[in-house]
Each structure stands twice: as C-alpha cells, then as structure tokens.
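Participant: As given, the protein sequences belong to chains C and L, one line each in that order. Residues 103 to 497 (my numbering) make up the first sequence, in order. Residues 103 to 497 (my numbering) make up the second sequence, in order.
No wet-lab data here; the hints were simulated from the structure. Since the structure is predicted, the reported quantities are computational estimates derived from the model, not experimental observations. Virtual Cβ for every residue (Gly too), placed ideally from N, Cα, C. Worth double-checking, as some hints may not be accurate.
[Said to hold, decoys possible] Listed below are several chain C residues computed to face chain L (Cβ distance under 8 Å; list not exhaustive):
hint, residue
1, Y214
2, G221
3, R224
4, K225
5, R249
6, L411
[Unchecked claim] To give an idea of the interface, some chain C residues facing chain L are shown, with a C-beta separation under 10 Å as derived from the structure:
hint, residue
7, A139
8, Q211
9, T212
10, L218
11, R219
12, A245
13, M248
14, P277
15, L278
16, G279
17, N281
18, R364
19, K451
20, K452
21, A455
Number of protein chains: 2
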Amino acid sequence: MAPHAPAAAEDPSLLTAGPPPHDGSTGRCVVEVTTPASRYEIRIGRGLLAEPGSWAGLPAAADGVIVSNTTVWPIHGPALCAAIAPRHRQVTHVLLADGEEHKDWSSLQTIYDHLLRTGCDRKTLLYALGGGVVGDITGFAAATYMRGVPFVQVPTTLLAQVDSSVGGKTAINHPLGKNMIGAFHQPVRVLCDLDTLSTLPAREFAAGLAEIIKYGPIHDEGFLGWIEANLDALLAREPAALARAVQRSCEIKAEVVGADERESGLRAILNFGHTFGHAIEAALGYGRWLHGEAVGCGMVLASQLSADLGLVPGGFVERMRRLVQRAGLPTAAPAFPSERWLELMRHDKKAEAGEIRFVLVDRPGHAVVRAAPDERVLAAIRRHSATGPGGPPPA
Amino acid sequence: MAPHAPAAAEDPSLLTAGPPPHDGSTGRCVVEVTTPASRYEIRIGRGLLAEPGSWAGLPAAADGVIVSNTTVWPIHGPALCAAIAPRHRQVTHVLLADGEEHKDWSSLQTIYDHLLRTGCDRKTLLYALGGGVVGDITGFAAATYMRGVPFVQVPTTLLAQVDSSVGGKTAINHPLGKNMIGAFHQPVRVLCDLDTLSTLPAREFAAGLAEIIKYGPIHDEGFLGWIEANLDALLAREPAALARAVQRSCEIKAEVVGADERESGLRAILNFGHTFGHAIEAALGYGRWLHGEAVGCGMVLASQLSADLGLVPGGFVERMRRLVQRAGLPTAAPAFPSERWLELMRHDKKAEAGEIRFVLVDRPGHAVVRAAPDERVLAAIRRHSATGPGGPPPA
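So that you can see chain C by itself, here it is in the shape it has in the complex (with noise of 0.2 Å):
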C-alpha cells in the first residue's frame, strides 16, 4: 500500500519522537514503522480514540468497517464510529465472541459474509478495535479479503497496544496449532488509546505487562530495569508509567520488525518465552491461561534453560522470576509428562527439520535464538514446575 501523508499539518507536536519521549501536557507521541513496502504510524496517547483528527491521512475508502468484540463494543464502538463517520460513506460493525477460542475460522468467516454482504469493495477499510485475538483475526481478514484490503489497529488492551498490533503478523488458530495461519499484513496506522486500559481488567492488564517485560532481557537492559523500578506504577496504571512504557515496547518491536519483516532471522528473538508459552497453551486448552500469563511463565523457562546452558548467571533466572511474580503472572509452569512438552514445541513455528529452537538470552539486553538437547529441556521445566496434573490457576 501506499504510504500516506504524515500527520504534521494537522498536529506538528505528533511528530515528535525521540527524547523527551513524549509531549508532557498530553502524553503523545508517534513511533514510525518502516518495511521494505510500507510505513506507519503508531500514534500513543490518550483520549485519541474520539478525536477526528487521529484518523486524518488515512486511505479513502467508501465503506469503514469496524471489527470488534461483544465486550468492547459497548464501551468504545460509539465514540470510534463517531469519530471516523465522516470519513466514509458508510460505516459498519461486525461484533465477534470475546475470547481466544473464538480466534478461528468461523469468526474470519463472520467478517467476510458481513463484508461481501454488505458489498465492500478491495478499498474498504477494517478496523480492528479490541484487543490480541481481534486485531489478528481482523488483519488475517484484511490480508485476505479481495487478496488484502487496508486496515487500522485500534489495540484496546495493554498487550495488544505494546506487541501483538504492531508488526503486520496476523492469524487464526488451528485445531492442531496456536497462528499456524496467517500472513503478513502491515496496518496502516496504529492507535494506542491509553485511556481504553483503564477498564481492563486486572488479569488482562498483568498478561500485558508480560510482552513489556519481555522486551528488557532481548534488547535493553537498561528498560528492563526501568521496568523494576517502576512496577507499582504500571501496577496503579499511573498514566505516565504507563506512556513511557507503552512507547518504549513499540520503539523497541518496530525497530526488530523494521530489520526483519519476515522473521527470517532477528524477529524471532520477540518470541522470548513464547515456545514454552504456547505449548502452555496448547496444553491447558487456549483461553485457560491467557497468553500473556503463558509467556510470564515461558520467559522463566527459557531464562532457566539459557543459564543451565551457561549463557548467563544463574543469578538472571531468579531476577526474571521475580519480576514476573510481581506482575502477578504465573512463574510455574503445569506439569506435563516430559514427551507431550517436546511433543507440543516441535510444532512450534520455529521448529526446523524437527529441531526445536528456543529464544534464550545471551547476556541480559540481548537474545539468541538456537536448538537445546532435549534433557536440558526438560531439566529446566522440571526446575519451574507445579505439582499435579493441570498446573495451578494462574493468579
């Protein structure tokens, strides 16, 4: 798609990235994306949502299609469907079944019947408002309706405003695989609302916070212990924290996928823990655990497994555990027996050949990605496990 006009004629102050990290009286800022065929732009504040002016600069399109979920439509559809209707000759909505059990072929099919229903032509343009499971099943639809329409990410919570809507990776689940269908489609803008978190509940919130802490062990150090240090104001959703740490995940996530689109190499290390987290999930059925408390868990184990591997002092496995534990994310992993785990991860994506291959960090700031023996596997599970057969509740 074609890049579109930056926003500095409507509001120069958007424009700023860069240090101070973002324009103080409102708490805003842009962090740009660049791929080798588009650019975009992730706009971070708050009260964006309603504002007219943070849709300006988007393709022309005669029909506006809002994709949302029973739960967030009825606190932010109106004000978006506001904000956006002169910008359309008409705009719909298609409300989908909340929860990542819906992520699967009959909610993509939903979309498609209310787009060709409703005679959307290949210039209409989705939005995606809700959370994970919306934006990508809404992204899979835009890559895949007409051969790919545009679309427009409205994360509506924490997890999904700092990771999984930025970088153009869309998906359904499989019965026999979490993403094992999907494509790569850019967005065309990202609007990170920061106010859309305050109604998030507690257990959504902390799953965010696990893609945030990720970011620190692969890539910044110095994040990472911004983020310790200020744990308890995220906690409190203090809107500062929050911005600060909003933006510096997306910074750090357009930065990775502007060097590697594809996953072909560097872009595979923002699946820190995520191995071990899908297996989680796999396991337990999706949805018991959310993926962000999978994640909290897998970034243990593989934290685990990277010191058993003689990558970093052990000292770094219990500097993980406790900032997950403090998220209020699980730190144990259930207890499978040992082959339905390597069973589980072979069918990760990551796997090659059937080599299972493991993000682990190299020192604290910087990530690998590599293949581990199975008995190291396993040890480093074991070091992390519940008793009993289904795992703990999570927190």
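Based on these hints, arrange chain L on the given structure of chain C.
Facilitator: Just chain L now, kept in the frame of chain C:
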C-alpha cells in the same frame, strides 16, 4: 522469499529467451517473471515434469508436499514424486476432489490438516500439480500456512499454463463470490510440461484457448493474428504451435505482472471478458460452464461493449466472435434478467464504490479499464444472448 540462483549452470539452453522463441530441438524455453519482491522462471517444454534437472535450484526443504486432485494424480503424480524425491527428506501428497466447486474452505482445510499432521515446518515446499483450481488453492495454502511457505506451480491444463499459474494470484471461492478470499503469493517456479496437455479433454483444452486468445486483443495484435492463422494447429495440439502459444502468453502475462503485481492499474487488463464471465459462472453455479468458456463468451460481450462505446469498429466484434466460436467456446450468454446481470457484476472485485469497471479494447492490441452506463452494458449483453432462461449448454 530470496531469489534463487539461475539454472544456467545446469542447462544453458534453458536461459535462451528471445528469438528464436524456443529451442527447436527440444521445444524448450524459459520466461522470467520479476516482481518487486521475487524473481522466478517459467520453464516451458516437453518431458520436463519427470526430469530431476527441472527442479534444481529450488529452496531446500525437508518436506516436499504435492497437492493434486484425484483425476491428475494417477496420470502424473508418480513421475513427479520420483523426480523430486532426492530433493527432500520425505515427499507426501494430498489429493483434493476435482472441480471448481471444491475450490473452497473445506479443500483448504484438507491441505492444512495434512501439513500439520505430517509435521511440516515453515520451509516446506508445496507443489501444485493440476489445473487452475489446484494451483489457486495450493497457492493460497502456501500463502497462509505458518504465514507463508514457498510453492511451485506444475500446471497440467492449458488454462493454468498460460494464465492462472503465473503471477501469484491465489484464492478460494466464497459462497457469495468467486476468488473473494485470497492473497498475492508468487510461486518460486512454474513448470509447464506440454506433454501433460495430451490427456486434456477437448472441452478443457478449448477453455484454455480462451485465455490465450485474450492476450491478443489486450496487448498484442500480431499475436491475435498469429492465433487466427494457427488455430487449427492449436486445436490439433501440434507441439510447435502449442509451445509458441504458451510461451507468448506467459511472456505477456510476465510483462504485465512485472509492471503491476498487485493489480493497482495495468494488471486489470488481464481480466478482459472476466467481469461478464464471472457473472455467468456465478449465476449458473460454478462448474456448469468452465471458467474459460465463460471468459470466451465474456470477451464477445466486452468487445461488443467496446464497439458500442465507439472504442473499436463494429467489425472487431465479429472478428472476436468468430475466433471464440472457432475455438469451440460459447458466444451467446445465458438469458438472465437485467437486474440479475448488474447485481452479479457489482460483486466483481474490480468494482469500486458500487461502480462496475470493465476491461475494454480501445484498439486491437490495447485495453483500458473504465465504467460504462448500465443501459449500454445491458444492450451489449442482449445482442449476444441466447433465448431461454438457463442459456445453452457449452459446445
């Protein structure tokens, strides 16, 4: 995906393009396709499929998976399997039911299930062995399995060799429209083995001629004249004539796709006759008329509309009608009510903001895309309509 090394080291003669159009002794030639993100060869000739050398230079992958249908597999499957076996740790195959009505989610799911159950990773190489349906659906599976794996087109119908296997358009049908769900995903190679055409039923062969004929009026009047002069040789499936027709068709398609991969402009001319044709297919039910039959008739209607709008002399319509008829394709449209025609065509992917856009010839060898008044469109249809509600069965 990364461009692969040219095959020059293995067989220098393969790289000879330009005049003479193909190697007289082997009837082989190579046409290159270059898009912003990929470069690949279309290899054309007899006996290519079973030759291990045809497959050299493709991406290394542990798993090779042949997707075919129950008609084509028994004829060509074993030879292909033997030729590629040395390149992979394992080669498996998955068979779909034959026919346009199976170009749907259910067949796609059959492929995904096979890939996941056999543990295929994201370097897996898919081979589409069959006609346009197999090629389109395999391409879409490749575009979306783990967010994209490479695939090879091994078209075994004339239509697939000269049109659908080249250019990266992949799709499945939706109950509300043909090819509505899809992606642009270029193959890493196209292998047109002319010997596979010898077993093609006459009706399918004629359907392929429609897409060859198409290239003349939209891009190369000299080629249109050549087809008129050599149609009897083509219908007799004379190898030299077939080789020339397939090569020139692929050259034109490669040129157009290279200039406009995503159909933002020029590429739409390849849909000459398709707006009318898709409407016929949709109204009669997919599979009742073959795609090429609907396109043949659609080209007559589009030529009539071009003449009625004053773009070409009236004689051009008769020239096209006669050629389509000689090829054994229907030239009279089924008699639907006017409103039904318009409604069907408004679902065309080229439609924008409810306006139907037609590919029209503004001089023999050159096409334009534009809207047309409804009454002119309906008049052109009436001029070439059969009597009776369902239209005539194809020849």
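Participant: Against this structure, judge whether each hint is valid.
Facilitator: The hints, checked one at a time:
Annotation: interface hint on Y214 (chain C) holds; nearest CB of chain L at approximately 6 Å, less than 8 Å. Here the hint on G221 (chain C) is kept, as its CB sits about 7 Å from the closest CB of chain L, short of 8 Å. Residue-level restraint check for R224 (chain C) holds (minimum Cβ-Cβ distance to chain L is 6 Å; threshold 8 Å). Evaluation of the K225 (chain C) hint against chain L yields a held restraint, the C-beta minimum of about 6 Å falling below 8 Å.
Among the interface hints, the one on R249 (chain C) holds; its C-beta lies about 5 Å from the nearest C-beta in chain L, closer than the 8 Å criterion. Evaluation of the L411 (chain C) hint against chain L yields a violated restraint, the C-beta minimum of about 23 Å exceeding 8 Å. Using the Cβ-Cβ criterion of 10 Å, the hint placing A139 (chain C) at the interface with chain L is satisfied: the shortest such distance is roughly 7 Å. Evaluation of the Q211 (chain C) hint against chain L yields a held restraint, the C-beta minimum of about 8 Å falling below 10 Å.
With 10 Å as the threshold, the beta carbon of T212 (chain C) stays out of range of chain L, its nearest partner Cβ sitting at about 12 Å, so the hint is violated. Against a cut-off of 10 Å between C-beta atoms, the interface hint on L218 (chain C) holds, since the closest Cβ of chain L lies about 4 Å away. Taking 10 Å as the C-beta contact cut-off toward chain L, the hint placing R219 (chain C) at the interface holds, the least distance being around 7 Å. Checking A245 (chain C) against chain L: minimum C-beta separation of about 6 Å stays under 10 Å; hint holds.
Given the 10 Å rule on beta carbons, the hint for M248 (chain C) holds: about 5 Å separates it from the nearest Cβ of chain L. Taken as an interface hint, P277 (chain C) checks out: its beta carbon lies about 9 Å from the nearest beta carbon of chain L, inside 10 Å. The interface hint given for L278 (chain C) holds, since its Cβ lies 4 Å from the closest Cβ of chain L, which is under the 10 Å cut-off. A least Cβ separation of about 6 Å between G279 (chain C) and chain L falls short of the 10 Å threshold, and the interface hint therefore holds.
The closest approach between the C-beta of N281 (chain C) and any C-beta of chain L is roughly 8 Å, which is under the 10 Å cut-off, so the hint is satisfied. Taken as an interface hint, R364 (chain C) checks out: its beta carbon lies about 7 Å from the nearest beta carbon of chain L, inside 10 Å. About 5 Å separates the beta-carbon of K451 (chain C) from the nearest beta-carbon of chain L, less than 10 Å, and the hint is met. With a cut of 10 Å, the hint placing K452 (chain C) at the interface with chain L holds, because the nearest CB-to-CB distance is about 8 Å.
Because the smallest distance between the Cβ of A455 (chain C) and any Cβ of chain L comes to about 4 Å, under 10 Å, the interface hint for this residue holds.
Violation of the numbered hints given earlier is confined to hints 6, 9; the remaining hints are satisfied by the structure.
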